[in-house]
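Enquirer: Sequence:
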Amino acid sequence: MRRRLAALFGFCVIDMLGFGILIPLVPYMADRFGVPPQLITPILGSYSLCQLLAAPLWGRLSDRYGRRPILMSSLAGACVSYLLLGCARNIGWLLASRILAGLMAGNIAAAFAYASDVSPPEKRAATLGLIGAAIGVGFTLGPPLGGVLSGKDPARADFLAPALVSALLSVLAILLVRFALPESHTAEHRRLHAGEPRRGALRLLRERPALATLAAATLLVTYSQSILESIFAIFAMHRYGFGPRTVGLLLFAAALPALVMQGGAVRILAPRLGEARLAMCGVFVYVAGLVILGEAPALEAAIAGLVLCGIGLGAYNPSAFALASKQSRSHDRGAVLGAYAASASLARVIGPFTSGPIYALLGAAAPFLIGACVTLPAAWLVRRVRGT
Numbered sequence: 006m007r008r009r010l011a012a013l014f015g016f017c018v019i020d021m022l023g024f025g026i027l028i029p030l031v032p033y034m035a036d037r038f039g040v041p042p043q044l045i046t047p048i049l050g051s052y053s054l055c056q057l058l059a060a061p062l063w064g065r066l067s068d069r070y071g072r073r074p075i076l077m078s079s080l081a082g083a084c085v086s087y088l089l090l091g092c093a094r095n096i097g098w099l100l101a102s103r104i105l106a107g108l109m110a111g112n113i114a115a116a117f118a119y120a121s122d123v124s125p126p127e128k129r130a131a132t133l134g135l136i137g138a139a140i141g142v143g144f145t146l147g148p149p150l151g152g153v154l155s156g157k158d159p160a161r162a163d164f165l166a167p168a169l170v171s172a173l174l175s176v177l178a179i180l181l182v183r184f185a186l187p188e189s190h191t192a193e194h195r196r197l198h199a200g201e202p203r204r205g206a207l208r209l210l211r212e213r214p215a216l217a218t219l220a221a222a223t224l225l226v227t228y229s230q231s232i233l234e235s236i237f238a239i240f241a242m243h244r245y246g247f248g249p250r251t252v253g254l255l256l257f258a259a260a261l262p263a264l265v266m267q268g269g270a271v272r273i274l275a276p277r278l279g280e281a282r283l284a285m286c287g288v289f290v291y292v293a294g295l296v297i298l299g300e301a302p303a304l305e306a307a308i309a310g311l312v313l314c315g316i317g318l319g320a321y322n323p324s325a326f327a328l329a330s331k332q333s334r335s336h337d338r339g340a341v342l343g344a345y346a347a348s349a350s351l352a353r354v355i356g357p358f359t360s361g362p363i364y365a366l367l368g369a370a371a372p373f374l375i376g377a378c379v380t381l382p383a384a385w386l387v388r389r390v391r392g393t
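Residue numbering for the sequence shown follows this note's numbering, starting at 6 and increasing by one per position.
In short, the hints are calculated from the structure, not lab data. Idealized CB from N, CA, C, for every residue including glycine. Do not take every clue at face value.
With beta-carbon atoms standing in for the labels, derived distance ranges [to be verified]: (1) A101 / L57: 12 to 22 Å; (2) C378 / P74: 36 to 46 Å; (3) R208 / L180: 25 to 35 Å; (4) A160 / L180: 35 to 45 Å; (5) L207 / P74: 26 to 36 Å.
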């Protein structure tokens, strides 16, 4: 099992590294094509929308045909989308690349399913945490690498080189799956689980009020997070004149504290403070970071705001996830956590479709300040769960 998990960890790091490389680039590409801010962020949101629509199909296919075919198929689709993005010469091709990438994004769900298949129940939570850490590493290192490959000058940024690197990383991940990851969801395993009843997310949320309250809190937090992620490059470009390289490094300043929190600090703080209190503290720190970022008079203040955002999210996300897992039982943990995660997926669709229009209509600081106001009630919702 250790060899499989090591290979799966490497796969997730490589895959998310390739995805993260392109995060700081797409807004600059759209801006070069003459797209206004109110339309740039919906282009980013098209990925999350298509991913949300395609996720149930990928889940059914992985249950029917196994994890490896889905991992390799989705990676092949991602590779094509990266090449399409690198060769895009107008907004239509850029949008097509994002839609294709979203429709083919079945790899992470399949990776989590693979991890669940190969780990015993008593070690499953730790195994899924390991996969989450691998994803965090890829997301942390991807944006600065993409920015370095693209360059500092927004007017002369190179978009082809980062896209080619992302495509090559997808090919490397396919080879890793092909030669290092044996199938985990065997025919016997599929037969044993074929008769298990499936419960919808809405039904689970109705039956478990505490889970629904946590899902609502995470919807608010993730909504503001998706606002931050989708609008930050545009904000940095217009307010400070920064190019992809600087934006990538600034995103690293937010991602690294989040990774440190999730990787170790939460394990120390959660037993002392309790998961609910730590999640509430995370909300307050994150809100403070958003306010500082929106009102930052200089670069130093913006960096401080990003660091606080990273610390706050790094405290909230694993703590809220742990609280959600406590609302499950051994036989329905996957369904419960899937219902909880659906709220975050929905928020990632809504955020980009609203951040650009808010930015264009109300000003550069408005998305961050509105995000802070929307997020603050999440602390009250978590407190309600704590009291149940």
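Enquirer: Just tell me: holds or violated, for the beta carbon distance of L207 and P74 against 26 to 36 Å?
Expert: Given about 30 Å between the Cβ atoms, the range holds.
Enquirer: Given the hint of 36 to 46 Å, check if C378 and P74 actually sit that far apart at their C-beta atoms.
Expert: 45 Å, holds
Enquirer: A range of 35 to 45 Å was offered for this pair. Does it hold for the Cβ distance of A160 and L180?
Expert: For L180 against A160, whose Cβ atoms are near 37 Å apart, the range 35 to 45 Å holds.
Enquirer: Could you check the hint for me, namely that A101 and L57 are 12 to 22 Å apart, CB to CB?
Expert: For L57 against A101, whose Cβ atoms are near 18 Å apart, the range 12 to 22 Å holds.
Enquirer: Quick check on a hinted range of 25 to 35 Å for R208 and L180, using CB atoms only.
Expert: 41 Å Cβ-Cβ, so the 25 to 35 Å window is violated.
Violated hints amount to a single one, hint 3; each of the other numbered hints is respected by the structure.
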